[in-house]
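Please put together the full structure from these sequences, using the hints given.
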Amino acid sequence: MMDDLLVQSVLVQWRVNGKLHEIEAMPGMSLLDAVREQLGLTGTHMGCQTGHCGACTVMLDGRIVKSCLTQAATLPRAEIVTIEGLKRADGTLNPVQQAFWDEAGFQCGYCAPGMLLSAMELLAEHPDPTDAQIDTGLAGNLCRCTGYRSLVRAVKAAAAKMRETS
Amino acid sequence: MADHSTIDDTRYVGQAVRTIEGRAPIVGAARYTNDFVFPGQLYAHIVRSPHAAARIRRIDTSGALKVSGVVRVLDGAEAAAHIKPITHYIDPAVFGGKSAEVRVMAVDEVWCYGQPVAVVVAEDKRTARFAAQRIQIVYDVLEPVLDAEAATAPDARIVVPGWDSNIMMQAPFRNGDPDAAFAKAAHVVKTSVDIHRFSTQPIETRCYNAVWEHDIEGVTLYATAQNPHPLRHVLSEVLGMPESKIRVHAPVIGGAFGMKMHGHPEEALMCLLAKLTGRPVKWTETREECLLIGAREQRHHMELALDADGVILGLRDRYFANVGAPSACPGWGMAFLTGLTMPGPYAVRDIDVQMTVVITNKPSWNAARGYGKESTALALELAIEDAARQLGMDAAEIRLKNFIRAEQFPYNSPTGLVYDSGDYSGAVLKAMHAIGYEGWKARQAEGPKDGKYIGIGVAFELTPEGGALPGTMVAGYDSSSVRVAPDGSVRILTGVTTPGTGNPTGIAQIVADELGVTMDAIEVTQGDTTTCPYGFGNYSGRSTIVGGGSAALAAQQVRAKVVTVAAALFDVPEADVELHRGVFSVKGQQGRTLTFKEVCYAAYTGAYSVAHGITLPLEATATFKPSNIRHTPDENGRINPYPSYSNAAYVTVCEVDVETGKTKVLAFAAAHDCGRVINPVLVEGQACGAISFGVGGAMFEAIAFDSSGRQLTRSFMDYVMPRSEDLPAVKMVHHDSPNPVTYMGLKGAGEAGVGGSAAAVVNAINNALIPLGVSLNTLPLSAPNVWGAIQAARKRGQREAAE
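Protein chains in written order, with this note's numbering: chain A, 104 to 269; chain B, 514 to 1316.
Bear in mind the hints are in silico, worked out from the structure with no lab data behind them. Note that the structure is predicted; figures quoted are calculated from it, not measured. For glycine and all other residues, C-beta sits at the position ideal for the given N, C-alpha and C. Wrong hints could be hidden among the right ones.
Coverage of chain A stretches by chain B, computed from C-beta distances (three or more under 8 Å per stretch; other residues unrestricted) [as the list claims (entries may be wrong)]: (1) 113-127; (2) 142-151; (3) 179-188; (4) 215-225; (5) 242-249.
Listed next, the stretches of chain B that the computed footprint assigns to chain A, with coverage defined by at least 3 CB atoms under 8 Å from CB atoms of chain A [said to hold, decoys possible]: (6) 767-773; (7) 1008-1014.
In structure tokens form, the structure reads like this:
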């Protein structure tokens, strides 16, 4: 395939949602394609391929990134969490997931991976976020369905629940 | 949050029930079209025209075929040899317009930037994209036709060969004696409203994956499709294959807003490629491709005739819709609906509206939330604001003076529509109260602070929903099946689909109440032509009206069956049997109960005993057909294509920084009438989503072209959509008047809000700029446009001062 180009893949080792994987990453392959196509984790979504919509957000070594703009071959070792890895060990929803469901945070759900991971990072830094902090926390993610009000409500509900139990 | 003080706790309807479909996306388990991969999967990449108008002199695909991993390459002429032109979703010829032959890929001539010209199918998507660059195409570039009004000039180049002009359709919407109304008017106010090209842009782009079914020599299309059954009909005509050999499956859809209504070339093209290769072929739209789909670009020349007190005597409008190149998608119909829904909520009888739908060399439209009714609202509400300014009256006062009054319903509109119900004045007053209108007025009177001017904007939108167009697959009815298994679990199969709006939950709430079961007993299946009843899918805010209405009727039939069986088991008259939340009991006899499961199992196994009197299985299919849709023309040749007339009032406060042109929405209130509310959280979600479309459309979103017709807007860097910080908290109040005809008084809830909220924002910004002498009716009111208008007004002022 693509015999006209000099192509050499890079062997990378990632722990994804707690499980070790070895992948042949082709030059030019995004982390998004690697996660979706090589690992079959289709919960991470393609929305724009330019880093604007945030539907492809994953957690990379503890920080959220846009996986569509991240080159797979540049990550020889990495710890990755996708939306599939957010549930608690016993299979129940984590408090942020539960709040998003309870408060009808989403409509179509396509932006969910990015919104959830952004909300979790936000709440790790600001356990009791102001409206402005929530706006900033979700600034990298587009939602076309909700007008964001239900998402803000869900983040606040998750924050309250997490403060209560911590 | 709205106040819902009249909730009946014994019913699911009316309660903010958590959505049944909402869990899967949260754990990453929802399967969208692009998530399906089949053994032997191939990937398609489409080569698109870099020119707005050109003749194709030569296409050489040999370079692409030499790339290893390429399975098939096809150009427009070869595709045309295999399949027919795409069947129009709404054929303009049915409405007296001109109908162009639309092919899946250009043959001989390209009509717009981005039109498909050739396609490469390969083992993986990178190879397909790489090989596509090796296709050589020689074009003779033509002068593009880009402006709608210029395209109607006698010497304009004709876009579609064989046509006598670029006008696809011209139609009058006329009533009474408008000339007399204008002759006796004390004031005539002229307003031109330039609505720009902006579109829906769901975060999930389109995707089609066609699988060739070797056993039946048929095809299964996994598709981001709002209307699977009508799409199957189109595919059968284009591919020359019976509908029985085609299956369209629309899995979870990541937002649609009209864009995923069909007629797109890639639908039939993927099916053809699957047939030619015998393997599954998938195409996933890029954002750049998605941005090619236009909508709403329409210029209105409005004239209002008013008496000295501000009563509107007559309305004239000449409007031109730039629908771009010919398309089989239903986008052009938006322009027709704009005329049909004039003069909106106002009791004006003498109207003279002329629609001109123009074909140009811009990419074509598809349906977009609001479907032309948002343009009606924008044109009317901006014109009324102008009138208020010229007459020195309060704009809200002019509206209140001219609304159709609550006691006038059902109201026959001058274009033949029959508005079912409403209280428009009440809604406006409620919204004004909710935002604290007088308080903001007082704050505005204090004058600008730090160069920041405050403006208040009011607007109203009438949004007919649930539409049915005669002779088309835009149907007003739909069907559902309710199936109860021996274990008492319930499956609803319905012909309406969901793009993520929550209608499965609304329908399940209705069925749970009507059947007498708990919500967790219910599953809803949608979007599959092999399993669901023939249905028309999702558009026009119809899904809960007709999907919920038909599911209710089917549930009532199944309930009658299980009640018969339970009566036999209890050995009491049927009238004494009660069923609530999955438990049967006998009136007046405490303790005698049976579970829903026990009765269902007894029914299936007791055909010759307790279930003797019923028809098994425990299933029923029913159709809901709103009785007030009228397709038989009246004496004036007019029809009523809508069963429900949702409406809403919007009031907003905007702040304009006059040094930068930057605008900000400070407060927003809406009073919404969508009839009976099934689930308040879902309804508010819809309303807030529509408001976000309106605010984004009024302030940021725009699709731009260069002078040669090449599209400049190619990513979300250029197409700016609202983010969380751009939208205010919405103070939402309900002002519901139940629809007298639909099931439980439902009206549509999905579409209303785009035009009304956009108009409120435009009116607020213009209201803020009154002291500067600025009135800007060319949308969007983005910071550069507002800044430019302020600068122009200042220069004008300096010139006048100098003279």
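Now for the hints, and whether the structure bears them out:
1. 113-127: Contact hint for the segment 113-127 of chain A vs chain B: violated, 0 residues under 8 Å.
2. 142-151: Answer holds; 8 residues pass the 8 Å Cβ test.
3. 179-188: holds (count 3)
4. 215-225: holds (count 3)
5. 242-249: Coverage by chain B holds for the segment 242-249 of chain A (7 residues, Cβ < 8 Å).
6. 767-773: holds (count 3)
7. 1008-1014: holds (count 3)
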